Each structure stands twice: as structure tokens, then as C-alpha cells.
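Sequence order for the protein chains is A and B.
Position one of the first sequence corresponds to residue 2 (this note's numbering), numbered consecutively onward.
Position one of the second sequence corresponds to residue 31 (this note's numbering), numbered consecutively onward.
Quick caveat, the hints were computed from the structure, so don't treat them as lab data.
It is possible that some hints are incorrect.
As the list claims (entries may be wrong) - List time: in silico SDA-like cross-link candidates among lysine to any residue, alpha-carbon distance up to 25 Å:
no. : chain 1 : residue 1 : chain 2 : residue 2
1   : B       : Lys34     : A       : Leu272
2   : B       : Lys34     : A       : Ser71
3   : B       : Lys203    : A       : Ser100
4   : B       : Lys162    : B       : Asp115
5   : B       : Lys203    : A       : Gly130
6   : B       : Lys34     : A       : Glu196
7   : B       : Lys34     : A       : Pro103
8   : B       : Lys203    : A       : Val112
9   : B       : Lys203    : A       : Gly131
10  : B       : Lys34     : A       : Tyr14
11  : B       : Lys51     : A       : Ala127
12  : B       : Lys203    : A       : Asp195
13  : B       : Lys203    : A       : Ile53
14  : B       : Lys162    : B       : Tyr173
15  : A       : Lys178    : A       : Arg126
16  : B       : Lys34     : A       : Gln105
17  : B       : Lys203    : A       : Tyr14
18  : A       : Lys174    : B       : Pro214
19  : B       : Lys34     : A       : Gly52
20  : B       : Lys203    : A       : Gly157
21  : B       : Lys203    : A       : Arg221
22  : B       : Lys34     : A       : Ile53
23  : B       : Lys203    : A       : Thr83
24  : A       : Lys178    : B       : Arg211
25  : B       : Lys34     : A       : Val75
26  : B       : Lys51     : A       : Glu110
27  : B       : Lys203    : A       : Gly40
28  : A       : Lys174    : A       : Thr83
29  : A       : Lys178    : B       : Lys203
30  : A       : Lys174    : A       : Arg202
31  : B       : Lys51     : A       : His92
32  : B       : Lys51     : A       : Phe88
33  : B       : Lys34     : A       : Val112
34  : B       : Lys34     : A       : Thr156
35  : B       : Lys34     : A       : Thr13
36  : B       : Lys203    : A       : Met108
37  : B       : Lys203    : A       : Gln89
38  : B       : Lys34     : A       : Gly130
As the structure is a computational prediction, the values presented were derived from the model and not from experiment.
Spelled out from the first residue to the last, the chains are:
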Amino acid sequence: MPLLQVENLVKTYPGVRAVDGVDFTVGEGSCFGLLGPNGAGKTTTLEILEGITGADSGRVLYRGAPRDDSYRAVVGIQFQHTALQDFQTVHEALRLFASFYPRQRPMSELVELCNLGELLDRDTRALSGGQRQRLLLAIALVNDPDLVFLDEPTTGLDPQSRRNFWRLIEGVKQEGKTVLLTTHYMEEASVLCDEIAVIDRGRIIEQGAPQHLLAQHFPRALVRVPLSALPDPGRLPPGFEVRGGDAVAATDDIDQALAQLRQLQVALDELAISTPTLDDLFLKLTGHGLRES
Amino acid sequence: MSLKRILAVVAARNREFYRDKAGLGWNIVMPAIMVLGFAFIFSSPDESLYKVGVLGSVTGDTAPAFLRTPHIQFIAQDDEAVAIDKVRHHRIDLLLDLRAMPRYWVNELSARGFVAERLLWQSQTNAPQALKRETVSGRAVRYVDWVVPGVLAMNVMFSSLWGVGWVIVRYRKNGVLRRLRATPLSAGEFLLAQILSRLLVVSSVTVLVFAGTNALLDFPMRGSYLTLGLVFLAGAIALVSLGLTVSARVRSEELADGLLNLISWPMMILSGVWFSLEGTNVWAQRIAELLPLTHMVDAARRVMLDGAGLREVAFDIGILMVLGVVLLTLSARAFRWQ
Numbered sequence: 002m003p004l005l006q007v008e009n010l011v012k013t014y015p016g017v018r019a020v021d022g023v024d025f026t027v028g029e030g031s032c033f034g035l036l037g038p039n040g041a042g043k044t045t046t047l048e049i050l051e052g053i054t055g056a057d058s059g060r061v062l063y064r065g066a067p068r069d070d071s072y073r074a075v076v077g078i079q080f081q082h083t084a085l086q087d088f089q090t091v092h093e094a095l096r097l098f099a100s101f102y103p104r105q106r107p108m109s110e111l112v113e114l115c116n117l118g119e120l121l122d123r124d125t126r127a128l129s130g131g132q133r134q135r136l137l138l139a140i141a142l143v144n145d146p147d148l149v150f151l152d153e154p155t156t157g158l159d160p161q162s163r164r165n166f167w168r169l170i171e172g173v174k175q176e177g178k179t180v181l182l183t184t185h186y187m188e189e190a191s192v193l194c195d196e197i198a199v200i201d202r203g204r205i206i207e208q209g210a211p212q213h214l215l216a217q218h219f220p221r222a223l224v225r226v227p228l229s230a231l232p233d234p235g236r237l238p239p240g241f242e243v244r245g246g247d248a249v250a251a252t253d254d255i256d257q258a259l260a261q262l263r264q265l266q267v268a269l270d271e272l273a274i275s276t277p278t279l280d281d282l283f284l285k286l287t288g289h290g291l292r293e294s
Numbered sequence: 031m032s033l034k035r036i037l038a039v040v041a042a043r044n045r046e047f048y049r050d051k052a053g054l055g056w057n058i059v060m061p062a063i064m065v066l067g068f069a070f071i072f073s074s075p076d077e078s079l080y081k082v083g084v085l086g087s088v089t090g091d092t093a094p095a096f097l098r099t100p101h102i103q104f105i106a107q108d109d110e111a112v113a114i115d116k117v118r119h120h121r122i123d124l125l126l127d128l129r130a131m132p133r134y135w136v137n138e139l140s141a142r143g144f145v146a147e148r149l150l151w152q153s154q155t156n157a158p159q160a161l162k163r164e165t166v167s168g169r170a171v172r173y174v175d176w177v178v179p180g181v182l183a184m185n186v187m188f189s190s191l192w193g194v195g196w197v198i199v200r201y202r203k204n205g206v207l208r209r210l211r212a213t214p215l216s217a218g219e220f221l222l223a224q225i226l227s228r229l230l231v232v233s234s235v236t237v238l239v240f241a242g243t244n245a246l247l248d249f250p251m252r253g254s255y256l257t258l259g260l261v262f263l264a265g266a267i268a269l270v271s272l273g274l275t276v277s278a279r280v281r282s283e284e285l286a287d288g289l290l291n292l293i294s295w296p297m298m299i300l301s302g303v304w305f306s307l308e309g310t311n312v313w314a315q316r317i318a319e320l321l322p323l324t325h326m327v328d329a330a331r332r333v334m335l336d337g338a339g340l341r342e343v344a345f346d347i348g349i350l351m352v353l354g355v356v357l358l359t360l361s362a363r364a365f366r367w368q
């Protein structure tokens, strides 16, 4: 039985259908990622699953049954934008949230897991972006939840803090917890998620394991040159297509693609050969990039 | 309903209050400065003028010669009992009754009353015994003594309205409420915690301001501290509930600020904090009777200046409690986390 079962969710705001018939299931112990650009409907979907927002129609089953009041005690939530009460230390914030739950994780474990040892006496307003996200993660885990929701947990962090945060999530996954996260960082989804759903304009347009989806949609490599490198931008080499400002060939035969370029006397100074990413997948599926809104 | 959860939120809100040094200072220093400022402004006695209250007609040729005495302000009085109280509290120096049986009241403990009485006798040289003499006794009530209960009540009002109303709107706007909503904490527990925290703050600040300003001004406290505490507590409950009602759904701090000002300023003017509404527009007086601050100020003043007991201020406490319960029920029903 899946831990979470989502069936035909619909949520409409004046003038916009934010969630338009979303279905998916999340297995226990897995990490499920909702990917999509800003405004795609992923945060609204997550809020419905968290129980913060009600859906217009559709249903959400937790362990096969509709959610009741006890649901809040077994889930942990890290919002994308949140504030804590002022004038409290990290330790006091953790104690405050711990007091709300019947089941509590030992504070020492939490502090070690989220690497908060040196920050316990610091005012929460004096934390850096990465430190603050670690505290918010610890608050989401304070009740030792079975299911953890993370809404764009690394947005705004520098690359180093982001990678540090991924290590924390890996630690949470290793404990067997189920994680449902939204992100628009494709690398994050590749590293953390066992399964992803690509959402755009309120609908899921593709779903599956990241590597499986990439293998399904793309050949082994992408050969890319800027359109400006072509002697005649109106004449693409065979097998190439325009994506963004580039001529791109998705191919299993890199040598052949390079030969096509040489034949047209394309300057290869800015040539790039890469394996397809989820960004490429999204671009292919929707016609626009994941970070464009 | 979990007491543990409520107390945890109370503690967090209290920390937020007492660790905010600037806000804490303002909450204590502002009312103390107001009391001391008024004490200073009204400390100079008006040497050249005596105030004589007059019951009955004071115009026409039939008016006694005394009413033409310069440097005395004659103030018409409607209610004999109230006017006698004013003599007792030294708010007027003499009370002259020109109705059926001419007589006057003087406070034998008042130096100014002594002089005013001599002036009266001087104008009545032909028949000094024609006026019947009545005496009242009582300690002088300075303006500052009269204004202190009002300032204390006003501080309770501001602290209750903003300390709950504005704070909840701020919590809603910056996402604190949204984060709390994601926990098992119920709306009832959260609201109760806000009320308890604010009542604790209001009580502590009122005690501090009362003790501090009394040490400097030695104002009278003729009733029991318990009764006065109950008056302020009932007032705080009513006004905290009013703050909760305003903040139940508002998302903008600016709108909340405007609404709280809209509520508090008319109360400050009409509730008799700074001056008595006696002799003003009847409608203004009727509106004032509907305002919670009026009942808190009146009851506190009667306890402090007249030594009124619990029974004598029970009506005002009752009104404040009923208002508190009604508004609390209304706000709990209207409350939205987001």
C-alpha cells in the first residue's frame, strides 16, 4: 500500500486553475519530487497534501485512509517561506515546536542530524540562510514524522550550503522516512529523488524515476552549439534542432553529429557535449525551461 | 485543548515581549511619563481664583452680591450629591445652594474653602446668619490624582489592543501563523495563549507603573487593591477580546493599525481619561457609556478616589466581562490562520 495516494486533485483560484487533476502515489521510504517552474502548481499541490489548503475536488489518502486530525502529528513540514516568533534562540524554537507534538524526537539526535550544535544559543534572526534552513528542517523533524514535506528547501542558498543541505536530506532518507519535495533545481531532484513528477500549468505531464525518464526521452548525449556559430543560422545540420539560442542534436552517435558540423564548417570553439538533464526533459516536454516562469 | 501547548506559546510570546528592550521600555516608560507630565503641568495652584459651585439660579438682579465677587469662578451645578462630592474632593472650594432654603457647604479641611467662606460672609454683612452652614470633610483630590486611574486604564487599553491585535496580524503576514497551523496546535489553544500572555504583561506593567508613579506622586488609593485589580483585569479581558476581533481576519498591518486607532482614539477622548464629560453633549455621554474604557476608568476612579468596594463597581466589571465573552466568542469563530 502506498504511503500517500493522490487522486484527481483540483484547486481553482479566481482566474486560474492552479491544480488541474493531479494523480500520483508516494511509496513508503521513497523520496518523491514535484518539479516545475514557478507558478506551475507544485506548492499548491504540496499545501493540499500538507493539509494547509483544501482542494476543490479529488482526494488524498494516507496509508489508504482519508486524513484525520492525527495526520498533523505524523507529518513534518518545511515551508518555502516561513517566519518564527522573534527573540528566541534556536534551542527555544525547537523546544516550542516539540511541545506541540505527542511524539518527540530526542533533542540531541535532532541537533546532531541537522548540525545545529554550535547554534543552539543563537537568536534565530541572526542565522545565515543555510543555518536557518537547517533549523527549519529540524523543526520539521521535531516530531519524528513518517512523512516529511520540503517545499523548495534550498532556494536562495549558495551552492555549498545547498550541497550541505542535500547531505542532511540523504541522512533523513537513510532513516527510512518518506520525503516529498518540490524544487526547480534539476540537480537536486537527480541527487535526492527516487521518483519525480513534472508539473506544468497544474497538470502532471510526466512521471517516473529520473534516469528512466531521461533514457526514455533522450539518446545518450546532447551535442550543442550556439546558433551564432553556424555560418547560416537558417540552415541547421541534419539531426539538429533549435532549443533556446542553441542548435542541439540528441544522439547516440556523437562522431556523426560532429561530422555534420564539420561538413558545414561550423566553428567548434563553443561546442558542448553533455548527457541530457531533467532541464532538457522539461524543455522538451513543455517548450520552456524549468526556471522560466 | 492541551495546557502544555498553551503554556509553551505563552512562554514564547512573553520572551518576545520582554526581550524586545525598546518595546518593553516604551510600554513602561510611556505611561509613567504621562502621569508625571500631568503632575508637573497641573502642580501650580491657581492662587488668584476660587471655585464656587452654585445650585439654583445665578442670574438676574435677585442674585446675591456674593455672585459678583471678582476673582471667583461660579460654576452651576445640577446634582446636589455630586456637587457635595466635589467639595469633599476639593474640586470646588464652596457650594452655594440658592434654592428653597439658602445654605452652603464647605470642607473644613480646605484652606481655600476657609477663605472662600470668609468672602461669602463679607458679602453678607447685613445678615450673615441667613445662610445655613453645612460641612463636609475629605482629603484633597488633585488633578493628577484624578487622572492617574484614567492613564493606567488607557495604558491597559493600548497594551491589550496592540499587544494582541497588531501582533496577530503581523504573525499572519510574516507566516508565523501558517507555520503554527501546520502543527497540532489548535486555534483555540493559540488564542487562549495570546490572551493569557497579554493579561500577564498588562498586569505586570500596570503594577510597575502604579508603584513607580505612586512613589513619586503619593496619589490616593482608598479602595482595595484586589477590587482595583479586578477592574483592570476585566477591562483587559474586554479590550484583548476587542483586539482579537479586529485581528481575526485582517492580513495587512497598516489596516490593523488604522482600525485599532479608529477604536482607541474615540475611547481616549470620550471615556473621561483626561477630563470629565460633565456638561458636554448628551449624545457624547451616551456613546461614552457604551465604551469599555469608560467603565474601566469610572470604576478604577471610584475605587481609588472614593474607596468603592467590589459591590459598587460590580456593574462595570460585569459589563466588561460580558463584552469580553461576546467579543471572544465572535473572534474565535471569525479567526483564520491565513
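Structure-based check of all given hints:
Proposed proximity of Lys34 (chain B) and Leu272 (chain A) is contradicted: the alpha carbons are some 64 Å apart, above 25 Å. With a C-alpha separation of about 18 Å, the suggested pairing of Lys34 (chain B) with Ser71 (chain A) holds against the 25 Å cut-off. Note on Lys203 (chain B) and Ser100 (chain A): the hinted pairing holds, with a Cα-Cα distance of about 24 Å set against a maximum of 25 Å. At most 25 Å may separate the alpha-carbon atoms for a hinted pair to count; Lys162 (chain B) and Asp115 (chain B) meet this at roughly 18 Å.
Between the alpha carbons of Lys203 (chain B) and Gly130 (chain A) the distance comes to roughly 20 Å, so the proposed pair stays at or under 25 Å and holds. Between the alpha carbons of Lys34 (chain B) and Glu196 (chain A) the distance comes to roughly 40 Å, so the proposed pair goes past 25 Å and is violated. Restraint check: the Cα-Cα separation between Lys34 (chain B) and Pro103 (chain A) comes to about 10 Å, which is no more than 25 Å; the hinted pair holds. Taking the CA atoms of Lys203 (chain B) and Val112 (chain A), the gap is about 29 Å. The hint is violated against a cut of 25 Å.
Between Lys203 (chain B) and Gly131 (chain A) the alpha-carbon distance is near 23 Å, which keeps this suggested pair within the 25 Å criterion. Distance restraint check for Lys34 (chain B) and Tyr14 (chain A): the Cα-Cα separation of roughly 38 Å exceeds the 25 Å cut-off, and the hinted pair is therefore not satisfied. Between the alpha carbons of Lys51 (chain B) and Ala127 (chain A) the distance comes to roughly 17 Å, so the proposed pair stays at or under 25 Å and holds. With a C-alpha separation of about 35 Å, the suggested pairing of Lys203 (chain B) with Asp195 (chain A) is violated against the 25 Å cut-off.
At most 25 Å may separate the alpha-carbon atoms for a hinted pair to count; Lys203 (chain B) and Ile53 (chain A) meet this at roughly 16 Å. A threshold of 25 Å between alpha carbons decides the hint, and for Lys162 (chain B) with Tyr173 (chain B) the separation of about 30 Å lies outside it, so the pair is violated. Simply put, Lys178 (chain A) and Arg126 (chain A) have alpha-carbon atoms about 29 Å apart, too far for the 25 Å limit, and the pair is violated. Proposed proximity of Lys34 (chain B) and Gln105 (chain A) is supported: the alpha carbons are some 14 Å apart, at most 25 Å.
For a cut-off of 25 Å, the pair hint linking Lys203 (chain B) to Tyr14 (chain A) stands: about 20 Å separates their Cα positions. Restraint check: the Cα-Cα separation between Lys174 (chain A) and Pro214 (chain B) comes to about 24 Å, which is no more than 25 Å; the hinted pair holds. At roughly 23 Å between alpha-carbon atoms, Lys34 (chain B) and Gly52 (chain A) fall within 25 Å of each other, so this suggested pair holds. Proximity of Lys203 (chain B) to Gly157 (chain A) is assessed by CA-CA distance (about 21 Å); at most 25 Å being required, the pair is judged to hold.
For the suggested pair Lys203 (chain B) and Arg221 (chain A), the alpha carbons sit about 48 Å apart, so the restraint of at most 25 Å is broken. With a C-alpha separation of about 23 Å, the suggested pairing of Lys34 (chain B) with Ile53 (chain A) holds against the 25 Å cut-off. The straight-line distance between the Cα atoms of Lys203 (chain B) and Thr83 (chain A) is roughly 10 Å, inside the 25 Å bound, and the hint therefore holds. Proximity of Lys178 (chain A) to Arg211 (chain B) is assessed by CA-CA distance (about 22 Å); at most 25 Å being required, the pair is judged to hold.
For the proposed pair Lys34 (chain B) and Val75 (chain A), the alpha carbon gap of about 19 Å is at most 25 Å, so the pair holds. For the given pair, Lys51 (chain B) sits about 34 Å from Glu110 (chain A) by alpha-carbon distance, which is inconsistent with the 25 Å threshold. Between Lys203 (chain B) and Gly40 (chain A) the CA atoms are separated by roughly 21 Å; this keeps the pair inside 25 Å, and the hint holds. Between Lys174 (chain A) and Thr83 (chain A) the alpha-carbon distance is near 23 Å, which keeps this suggested pair within the 25 Å criterion.
For the hint pairing Lys178 (chain A) with Lys203 (chain B), the CA-to-CA distance comes to about 32 Å; that exceeds 25 Å, so the pair is violated. Taking the CA atoms of Lys174 (chain A) and Arg202 (chain A), the gap is about 29 Å. The hint is violated against a cut of 25 Å. In summary, the hint linking Lys51 (chain B) to His92 (chain A) is supported, as the alpha carbons are separated by about 21 Å, within the 25 Å threshold. Simply put, Lys51 (chain B) and Phe88 (chain A) have alpha-carbon atoms about 10 Å apart, close enough for the 25 Å limit, and the pair holds.
Only pairs whose Cα atoms come within 25 Å are accepted, and Lys34 (chain B) paired with Val112 (chain A) is accepted, the gap being roughly 23 Å. A distance of roughly 35 Å separates the Cα atoms of Lys34 (chain B) and Thr156 (chain A); the hinted pair therefore is violated under the 25 Å criterion. For a cut-off of 25 Å, the pair hint linking Lys34 (chain B) to Thr13 (chain A) is broken: about 38 Å separates their Cα positions. A distance of roughly 30 Å separates the Cα atoms of Lys203 (chain B) and Met108 (chain A); the hinted pair therefore is violated under the 25 Å criterion.
Taken as a hint, the Lys203 (chain B) and Gln89 (chain A) pair is honoured in the structure, with Cα atoms around 19 Å apart against an allowance of 25 Å. As the CA atoms of Lys34 (chain B) and Gly130 (chain A) are separated by approximately 31 Å, the hinted pair breaks the 25 Å bound.
Going down the numbered hints, you'll see the structure goes against 1, 6, 8, 10, 12, 14, 15, 21, 26, 29, 30, 34, 35, 36, 38, while the others check out.
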